[in-house]
Amino acid sequence: MIKQARTVLSDVTLSFESGGQYAVLGPSGAGKTTLLRLLNRLEDPTAGALWFHGAPYTQLSAITLRRRVALVFQVPLIFPGSVRDNLCTALRLQRRGREIDPKDLTWALELAGLDGAMLVRDAAALSTGEKQRVCIARALMTRPEVLLLDEPTAALDPTAARRLIESVVRLSRTGGLTVIMVSHQPEHARGVGGEVILLVGGHVVEQTSADQFFVAPATRQGRSYLDRTLSGVTP
Amino acid sequence: MNTQLIDPSWLQIACAAGLLLVTIGLSAARGLGLERDLTVAGIRTFVQLVAIGYVLGFVFSTDRPALIIAILIFMLAVAAWTVAARQRRPTNALRLLVLASLSTGCGLTLVLATEVILQIRPWYNPYYLVPLMGMVIGNSLNSATLAVERLDSELRGARDRVEALLALGATSRQAAAAPVHSAMKAAMIPIINSMMVVGLVALPGMMTGQILGGSSPLVAIKYQVLIMYMIAFSTTITTFVLTTLRARSYFTPAHQLREEAVAG
Chain R
3 MIKQARTVLS DVTLSFESGG QYAVLGPSGA GKTTLLRLLN RLEDPTAGAL WFHGAPYTQL
63 SAITLRRRVA LVFQVPLIFP GSVRDNLCTA LRLQRRGREI DPKDLTWALE LAGLDGAMLV
123 RDAAALSTGE KQRVCIARAL MTRPEVLLLD EPTAALDPTA ARRLIESVVR LSRTGGLTVI
183 MVSHQPEHAR GVGGEVILLV GGHVVEQTSA DQFFVAPATR QGRSYLDRTL SGVTP
Chain H
16 MNTQLIDPSW LQIACAAGLL LVTIGLSAAR GLGLERDLTV AGIRTFVQLV AIGYVLGFVF
76 STDRPALIIA ILIFMLAVAA WTVAARQRRP TNALRLLVLA SLSTGCGLTL VLATEVILQI
136 RPWYNPYYLV PLMGMVIGNS LNSATLAVER LDSELRGARD RVEALLALGA TSRQAAAAPV
196 HSAMKAAMIP IINSMMVVGL VALPGMMTGQ ILGGSSPLVA IKYQVLIMYM IAFSTTITTF
256 VLTTLRARSY FTPAHQLREE AVAG
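First to last, the sequence lines map onto chains R and H.
Going from the first sequence to this note's numbering is simple: count from 1 and add 2.
Going from the second sequence to this note's numbering is simple: count from 1 and add 15.
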């Protein structure tokens, strides 16, 4: 994947099992966000291909694909209006606003770790952590099979971050979703469990179970990354 | 009251230039640094209008529709190039896009006004076509400039919002709807303002010209009303076509924002 004459991702071969949990780790500029943007088809690779349930991405409608492979951005972007208005966005875009079932709204909110009573609140007045959860609930309203989370804990305090990670785990285990979460913080990846994918300089240098990765990384880059991040040195 | 038209002599025009000299002097006195611009603008006003006076004299005496059409196309092309030149990145694609939009908006307006409403004969009568088209293009040009400027800045500034909508399964048209609405509103404000105050705080140039030229004020007013409605119509059509096409140019067929379009 080349952006502005710079190779962002190269020789990347990855497969994701349905219902799995994946944490994508790596230093800044490793290509983590680009990977998620490719998976959501906000961008197309300059070489290579992506497949979804055996079909090439390019043969699928980008609109339909994005509803099945939902992306939540690092900075929570809230649309004007109430929490309910935000949650109804995707269905209104499909001109299905009248079909919205209140139970679906509550289901999405609770799965994202929010109380159903929040529906009437002004979304702009929420805390950053709550906004991030509203963004997750909003993405869930299209009933996606895959949820892509780009550093969802980046702007949160430790308590809010821990609660969000618990929600992510619940999404996968209770909601049956495939969750692919980009993170800067290894402890959050550890909380999610499942598999860890370590990206360095646009290459996948390690893909293994979280248990294995945090106990004994298989590569020198893995050990180096863990040493630096766990000792508090920002990569 | 003596209503006979005064034909200003060139000496009287030179005296009027004294007003501009005072303006230049005030600019210099207050350190505005506009002296050069005012001088160039003053000279251009004189040269361009004298030149167009001779051109119109020739055009009005011609009986060749092809020549009239060529003049109208020339006016549209100059307007399109002017709109593009006001933008940060004046590309040929933008020039063609503006030309297509102005041609649709102004062309449709002119056909409806001269063929359906006024029913002028012959259809290419330059006495009507050229000044009416000039008025319509002049105003549509300003609206088109505002529309492109606003749309570009909104789309670049609202990139996160646009991508958030795309990620939720919005089409590129849905994702760009708010910037397009904003651009259209910005482009329509000048004509709405003009229509609100016309006759109260401002007497339009064409009406003033007609009255000074000896027309009955009632006839001048009828034409002015027609002109205002024509401008409102052409501005709407032009900016609608322009913002729709321009917004589309920001996206790939797969509803992705083009990096080169939103960068910088």
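Read the hints as simulated data drawn from the structure, not as lab findings.
Every residue, glycine too, gets a C-beta built ideally from N, C-alpha and C.
Please note: incorrect hints may appear among the correct ones.
[Unchecked claim] Here are some, though not all, of the chain H residues that point toward chain R, as calculated from beta-carbon distances under 10 Å:
hint, residue
1, S168
2, G172
3, E178
4, A179
5, A182
6, T186
7, A201
8, R263
[What the hints assert, rightly or not] Short derived list, chain H residues pointing at chain R, Cβ under 10 Å:
hint, residue
9, A66
10, S76
11, D175
12, L181
13, L183
14, A185
15, A190
16, L272
[Said to hold, decoys possible] Residues of chain R placed beyond 12 Å of chain H at every Cβ, according to the derived structure:
hint, residue
17, K5
18, Q6
19, L67
20, I80
21, D106
22, R175
23, V217
Hints versus structure:
For the restraint placing S168(H) at the interface with chain R, the shortest Cβ-Cβ distance is roughly 19 Å, beyond the 10 Å limit, so the hint is violated. With a cut of 10 Å, the hint placing G172(H) at the interface with chain R is violated, because the nearest CB-to-CB distance is about 13 Å. A least Cβ separation of about 6 Å between E178(H) and chain R falls short of the 10 Å threshold, and the interface hint therefore holds. At about 4 Å, the closest approach between the beta carbon of A179(H) and any beta carbon in chain R falls short of 10 Å, and the interface hint on this residue holds.
Taking 10 Å as the C-beta contact cut-off toward chain R, the hint placing A182(H) at the interface holds, the least distance being around 4 Å. The beta carbon of T186(H) comes within 6 Å of a beta carbon in chain R, closer than 10 Å, and the hint placing it at the interface holds. The interface hint given for A201(H) is violated, since its Cβ lies 19 Å from the closest Cβ of chain R, which is over the 10 Å cut-off. With its C-beta approaching chain R no nearer than about 15 Å, R263(H) sits outside the 10 Å limit, and its interface hint is violated.
The restraint placing A66(H) at the interface with chain R is violated, with a minimum CB-CB distance near 47 Å, outside the 10 Å limit. The interface hint given for S76(H) is violated, since its Cβ lies 58 Å from the closest Cβ of chain R, which is over the 10 Å cut-off. A distance limit of 10 Å between C-beta atoms decides the matter here; for D175(H) the minimum to chain R is near 5 Å, and the interface restraint holds. Look at L181(H): its Cβ gets to within about 6 Å of chain R, closer than 10 Å, so that hint holds up.
Interface restraint check for L183(H): the shortest CB-CB distance to chain R comes to about 4 Å, inside 10 Å, so the restraint holds. The criterion of a C-beta within 10 Å of any C-beta in chain R is met by A185(H), whose closest approach is roughly 5 Å, and the hint holds. The beta carbon of A190(H) is positioned within 10 Å of a beta carbon in chain R (closest approach about 9 Å), and the interface hint is therefore held. For the restraint placing L272(H) at the interface with chain R, the shortest Cβ-Cβ distance is roughly 7 Å, inside the 10 Å limit, so the hint holds.
For K5(R), the condition that its CB be more than 12 Å from all CB atoms of chain H is violated, with the nearest at approximately 7 Å. With a minimum CB-CB distance of about 7 Å to chain H, Q6(R) fails to clear the 12 Å threshold, and the non-interface call is violated. The Cβ of L67(R) sits about 9 Å from the closest Cβ of chain H, inside the 12 Å cut-off, so the non-interface label is violated. Taking the minimum C-beta to C-beta distance to chain H, about 9 Å, the non-interface status of I80(R) is violated against the 12 Å cut.
Non-interface status of D106(R) relative to chain H is upheld: no Cβ of that chain comes within 12 Å, the nearest being about 15 Å off. Here R175(R) stays apart from chain H, with its beta-carbon at least about 24 Å from theirs, past the 12 Å limit. Distance check on V217(R): its Cβ is at least 35 Å (rounded) from any Cβ of chain H, clearing the 12 Å threshold; non-interface status holds.
Hint compliance for this structure: hints 1, 2, 7, 8, 9, 10, 17, 18, 19, 20 are not met, and every other hint is.
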